[in-house]
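Undergrad: Next come the chains, spelled out residue by residue.
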Amino acid sequence: MMAFVKLIARNRLAAFGGIILLLIILLVLITPWLPLADPNVTDTANRLLPPFSDNHLLGTDALGRDILSRLLWGTQISLAVGLAASLVAALVGSTIGIVAGYFGGRTDNTLMRGIDMLMAFPYILLALAIVAVLGPGLMNALYAIAIVNIPFFARNIRGVTVGIAHREFIDAARLSGKGNLRILTSEILPNVLPVIIITLSTTVGWMILETAGLSFLGLGAQPPQADLGSMLGEGRKMMLNAPHVATVPGLMIFLLVMSINLLGDGIRDALDPRLKSGALSRPAPFTRIRRRRNSLPDPVNGNALLSVERLQTDFEVGHETYRAVNDVSFAIHPNECLGLVGESGSGKSVTALSLLGLVASPPGIITGGRVALEGRDLLDLPPRDIRRIRGKDIAYVFQDPLSTLHPLFRVGDQLVEAIRQHQPMSHAEAHERAVSLLEQVRIPNPERRAEQYPHELSGGMRQRVGIAMALANDPQLIVADEPTTALDVTVQAQILKLIQSLRREKGSAVLFITHDFGVVSQICDRVAVMYAGRIVEIGPTQAILDTPRHPYTRRLIDCVPRLGEPDNEPDAIPGLPPAANHIPEGCAFAERCHLVEDACRQGDIELIATDADRQVRCIKPLSVTEPSTPGVSR
Amino acid sequence: MFRYALRRLLLTVPVLLGLSVIVFLIMSLIPGDPAQAILGSYATPENLERLRADLGLDLPLPQQYLVWLGNILQGDLGRSYALNRPVLDEVLERFGATLLLAGTSLVICILLGVLAGIVSAIRQYGWSDRIITLLVLIGISVPAFWLGMLMIMAFSVGLRWFPTSGMTAAYGGGGILDILHHLVLPAFALAIVAAGVIARLTRSNMLEVLRQDYIRTARAKGLGEGRVVMRHAFKVALVNLIPVIGVQAGFVIGGAVYIETVFQWPGIGRMLVNAISTRDLLLVQGGVLVVAASYVLFNLLADLLQHWLDPRIQA
Amino acid sequence: MSAPLLEIRGLTRTFGGGRRWFRPNQPGVQAIQGIDLDVMRGETLGIVGESGCGKSTLARLLVGLDTPSNGTIHYAGDDLQQLRSQDRHALARRIQYVFQDPLSSLNPRKRIRDILAAPLYYLRGLEGQALERRLGELMEMVNLRPEFISRYPHEFSGGQAQRIGIARALAGDPELLVLDEPVSALDVSIQAQVLQLLRRLKDELDLTYLFISHDLSVVETISDRIAVMYFGRIIEQAPTYRLFRSPSHPYTRVLLDSAPIPGGPPIQAEAGTAELPDPLAPPPGCAFAPRCSRAQEDCRQAVPPLDNMSPDGDHRAACIHPIKETWQRIVTQSPRESRG
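Protein chains in written order, with our numbering: chain A, 1 to 634; chain B, 1 to 315; chain C, 1 to 340.
Watch out, some of these pointers could steer you wrong.
Said to hold, decoys possible - The calculated BS3-like cross-link candidates involving lysine-lysine, where the alpha carbons are at most 27 Å apart (straight line), are:
#1 K497(A) / K392(A)
#2 K6(A) / K324(C)
#3 K235(B) / K392(A)
#4 K392(A) / K506(A)
What the hints assert, rightly or not - Which residues of chain C face chain A? A partial, calculated answer using Cβ under 10 Å:
#5 S104
#6 I190
#7 D307
Unchecked claim - Short derived list, chain A residues pointing at chain C, Cβ under 8 Å:
#8 L184
#9 E187
#10 G318
#11 T321
#12 R323
#13 P446
#14 R448
#15 T490
#16 L496
#17 V519
#18 S521
#19 I557
#20 P561
None of these hints come from the bench; they were simulated from the model. Ideal placement from N, C-alpha and C gives every residue a C-beta, glycine not left out.
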């Protein structure tokens with residue numbers, strides 16, 4: 001709770017709103033004891049006095065009543081009525097929403113159809129109809145506004161409840177022996193409550209406006225009782241000769257509603273977990289780059305197509321810096337397939353996205369290193385030039401083809417767009433090429449498929465489209481970021497075969513990111529193993545699989561259950577990888593390594609060459625001197 | 001598409017029926033004798049008796065409803081005893097004026113809101129974002145009726161740019177230019193609040209969409225940022241915004257009640273307020289029915305538009 | 001042979017269908033079509049299949065989170081539906097469930113204590129001291145430090161969260177655990193930890209496992225017997241060693257040939273596009289026939305029954321033209337070969 005108050009206090013606007021609201025409430029609460037004139041005593045001799053008159057700080061109205069006194073009493077009424085209406089609407093609406101969302105089916109249908117009927121009326125019109133029948137009056141206005149706002153709560157809360165009711169922990173609670181009522185109160189409600197509070201805090205202001213509005217029209221508070229709205233209504237009649245009579249209550253409504261809205265936004269921001277993590281920031285078109293000039297490595301000359309040197313990418317969230325990619329270097333040669341293997345959080349995807357500045361920024365920042373395509377440092381290029389490389393020289397295939405293809409454009413049009421971005425071509429020509437691309441990725445009936453939308457294709461077909469898109473401009477390098485992880489194993493086999501044969505046909509190089517050693521051994525010429533943001537071992541695939549040099553590589557391979565060897569129980573690696581914001585000194589794997597010694601935890605451990613084509617980041621690499629004698633080191 | 005439209009059209013029939021049931025039920029809530037309430041305290045016993053027979057008041061409630069519905073379907077919304085003319089004539093005449101005001105206002109608030117929302121999203125945390133956020137905050141916190149009064153004081157009384165009230169000038173008015181001249185202030189006053197809401201939702205929607213994977217794909221293709229934002233991101237945001245615009249249309253029509261009162265606009269809102277204070281209940285009922293029915297049709301259009309833009313929606 | 005612990009006969013679950021307003025009537029989607037299956041006390045039965053094969057629906061039917069459209073499930077001789085209607089806790093005390101996504105199966109707003117105490121209280125009626133003692137035992141059983149009990153789920157890694165999920169399932173003292181892809185969301189190094197834990201718990205607590213996964217190699221390491229599912233049916237079942245030595249159904253072969261093995265032989269991919277049949281318009285006969293390289297005319301006539309492939313009845317496959325040859329893998333040099 002304190003943390004929550006602090007969160008709001010840190011938000012300056014919300015705090016400002018909160019303070020104003022608090023002041024208004026305080027003022028309204030002590031009104032009965034303030035030395036004020038009676039709000040309803042008329043004094044026609046002193047009618048329409050301007051503000052700052054003697055005894056009447058804010059002047060008097062048409063009947064000579066003290067405006068300040070009426071203002072404070074009126075604020076009290078407006079606030080009370082607005083709050084009461086909001087609470088009633090929230091209570092009834094949320095109950096309907098939760099019940100409908102949780103039980104679903106017929107209950108849901110019946111309740112929500114009723115709500116839809118209420119929604120079919122243009123908002124205030126329904127309130128007018130209700131007041132028309134019940135007759136003008138403050139209580140009737142309260143009922144009307146509450147009823148009119150019930151659908152708003154019911155719909156919002158139902159949506160959230162449906163999402164929660166289908167989560168697995170609800171099933172878990174049921175299997176733990178809890179009944180419906182208990183699940184509703186102890187599992188659903190705690191998760192829905194923040195949303196109810198958010199909805200409430202962002203609508204109270206609106207409800208106060210609405211009740212004031214009804215009073216303004218003469219349908220709410222009846223004379224001599226006055227709320228802010230009816231004061232404004234009375235003031236309207238003398239708008240031209242005594243503007244202050246209307247201006248003062250109007251200003252008060254504005255102040256009240258604005259302070260509530262500010263506070264409400266603050267509450268929303270504090271309760272919404274997505275905002276805390278900064279996830280609602282807009283990712284920039286290019287990852288921010290903040291390299292220290294003097295830390296740049298000297299360019300390495302060679303015949304590499306792409307060479308990555310000491311690449312460093314951080315995530316800055318609040319005051320924490322997460323080191324996602326930490327001093328990563330590797331090279332890819334033309335027509336080569338390099339695998340980048342690691343577990344989740346090892347930094348393999350961030351490495352891939354860093355190449356062309358596709359890491360979401362904020363929070364990502366490239367803080368060091370060089371990415372050279374045929375000797376040209378990509379991190380130095382202006383945005384225009386990077387865009388010319390994206391999709392042309394280097395193309396990406398992403399993991400989940402459903403979320404990475406645009407849902408509202410036809411598959412063919414997405415291909416056409418990719419083609420025409422880099423090649424001057426008419427739409428018709430590009431479309432023809434798109435169809436031939438679909439054919440190249442072995443999609444049957446490509447003409448018809450080109451006219452379809454991504455959701456109409458199966459997962460395997462979508463990924464073929466993703467690959468076709470990557471091939472659109474015959475790139476030199478394809479970066480495939482876990483392209484088969486979301487697919488079934490039979491489909492994965494086909495996609496792997498496809499990538500293999502296309503690589504042979506087109507001669508592109510591939511950077512293949514995966515967590516699966518099985519996939520690596522199928523498709524990669526060389527492999528780099530990543531752990532905690534660093535490459536711990538790199539070399540030819542077969543050599544690494546046969547004689548891993550790094551204890552992590554060895555143990556990771558041993559973790560994988562091997563098909564056809566049921567008696568081989570996979571070994572587990574004890575412990576967990578280090579957190580990316582607290583990477584220890586020395587070897588990051590030391591904590592979990594069975595061969596650890598003191599020297600492992602000191603200084604920076606460099607990648608050292610153990611063979612002509614192999615490197616390992618370990619001070620005591622496995623089986624370097626003697627030929628491979630598996631199992632000995634354990 | 002055509003079949004979908006047809007089905008949606010058929011589905012609005014139960015909605016319209018439900019709507020009529022709600023209006024009917026609200027009217028049956030009238031405490032005491034409805035005929036008395038409708039005709040007022042000076043009604044003659046003969047008139048009361050005739051009205052009771054017309055409304056079928058001695059029948060049970062469901063039958064009353066059927067009688068009532070039958071009358072409405074024949075275009076008979078009853079007679080306004082205060083104005084002494086058929087309700088339908090009065091409502092349709094007033095509805096035109098409201099449609100002009102609310103329609104103009106809706107166009108303004110969509111244009112302003114969407115534009116402000118996009119600018120605010122792509123300049124997130126920049127100066128333009130801050131200024132827009134502030135304006136939006138003011139927009140959604142200010143009472144529309146008070147804003148209208150301030151605008152009259154500033155632009156009509158102070159600067160004398162626009163007339164203070166009405167839809168046409170008293171002498172020699174009625175031309176298109178004259179009406180437009182009268183329209184500017186109320187239309188803007190009415191648009192401000194809804195524009196604020198739309199701007200907010202556009203901003204948060206754009207930010208949400210810009211974080212999606214397919215935006216990263218678009219960038220990885222090498223597309224320029226303008227194309228990414230306006231074609232790839234905005235199309236999705238727009239699809240999400242259409243239902244919001246439907247709801248906002250409801251707010252605009254509702255807000256017209258205040259604005260028409262402030263600006264003396266001869267629309268249906270002002271008619272309703274007057275009718276309520278004179279207890280002309282049949283006029284209230286007729287006005288509510290016509291406006292609500294047209295709002296349902298508007299939402300039907302919004303729904304079809306969304307379906308047309310989003311191939312994923314099947315049912 | 002003793003009577004099976006779980007006896008499933010003709011189990012069917014149909015979703016959707018029926019009359020709708022303003023819309024043509026739709027046929028239902030049969031997620032599960034007439035499954036017969038026995039689970040023996042003390043064994044681990046693996047269920048393998050790709051997405052959409054109905055394996056999760058089967059799991060939900062077994063633990064009572066869903067109700068069958070047709071068919072029966074008997075648990076130790078008692079009808080499951082009757083058991084449920086008599087006492088809504090009776091089933092949960094016997095069969096428990098471990099979820100795929102460890103984090104989403106834990107309520108983010110509840111402490112671990114509350115999550116674990118619920119089954120102890122509701123299913124076993126434990127309170128006060130006894131409940132506290134049992135909580136401690138559970139935490140120890142799944143190798144979690146006792147102080148973790150007052151934390152919230154988001155403070156745990158995936159592997160730790162899955163241990164909590166397992167502890168929750170064990171709290172009701174069940175005999176049968178239905179594990180629905182329990183390690184699929186975990187990294188391999190963590191996956192091995194959880195598999196080890198599951199093996200140990202089974203021995204210590206005399207549990208019976210129904211282990212569902214899409215990953216053949218994981219199922220292979222833990223199961224005594226395996227049933228392969230395709231398009232809502234069991235198409236092959238056999239003891240683990242026999243299934244991998246001589247898979248009879250062409251689909252099982254495709255699965256085995258598609259799975260990449262580190263340092264293993266090249267995978268074989270199907271020639272076609274490996275699309276699942278349309279569940280709204282299923283093909284006549286064998287559902288795999290449209291993809292099958294061995295399919296003949298008779299495959300498309302009628303759904304093949306689950307026939308014996310071995311004299312002892314251990315190995316069954318639903319195929320008219322089963323493969324007789326043993327499955328060949330090229331034995332490769334790998335660090336593990338020389339072990340033990």
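Undergrad: Take the hints in turn and mark each one as holding or not.
TA: Checked hints:
no.: 1; hint: K497(A) / K392(A); verdict: 23 Å, holds
no.: 2; hint: K6(A) / K324(C); verdict: 71 Å, violated
no.: 3; hint: K235(B) / K392(A); verdict: 25 Å, holds
no.: 4; hint: K392(A) / K506(A); verdict: 14 Å, holds
no.: 5; hint: S104; verdict: 5 Å, holds
no.: 6; hint: I190; verdict: 8 Å, holds
no.: 7; hint: D307; verdict: 24 Å, violated
no.: 8; hint: L184; verdict: 13 Å, violated
no.: 9; hint: E187; verdict: 6 Å, holds
no.: 10; hint: G318; verdict: 16 Å, violated
no.: 11; hint: T321; verdict: 21 Å, violated
no.: 12; hint: R323; verdict: 18 Å, violated
no.: 13; hint: P446; verdict: 12 Å, violated
no.: 14; hint: R448; verdict: 14 Å, violated
no.: 15; hint: T490; verdict: 5 Å, holds
no.: 16; hint: L496; verdict: 7 Å, holds
no.: 17; hint: V519; verdict: 5 Å, holds
no.: 18; hint: S521; verdict: 5 Å, holds
no.: 19; hint: I557; verdict: 6 Å, holds
no.: 20; hint: P561; verdict: 4 Å, holds
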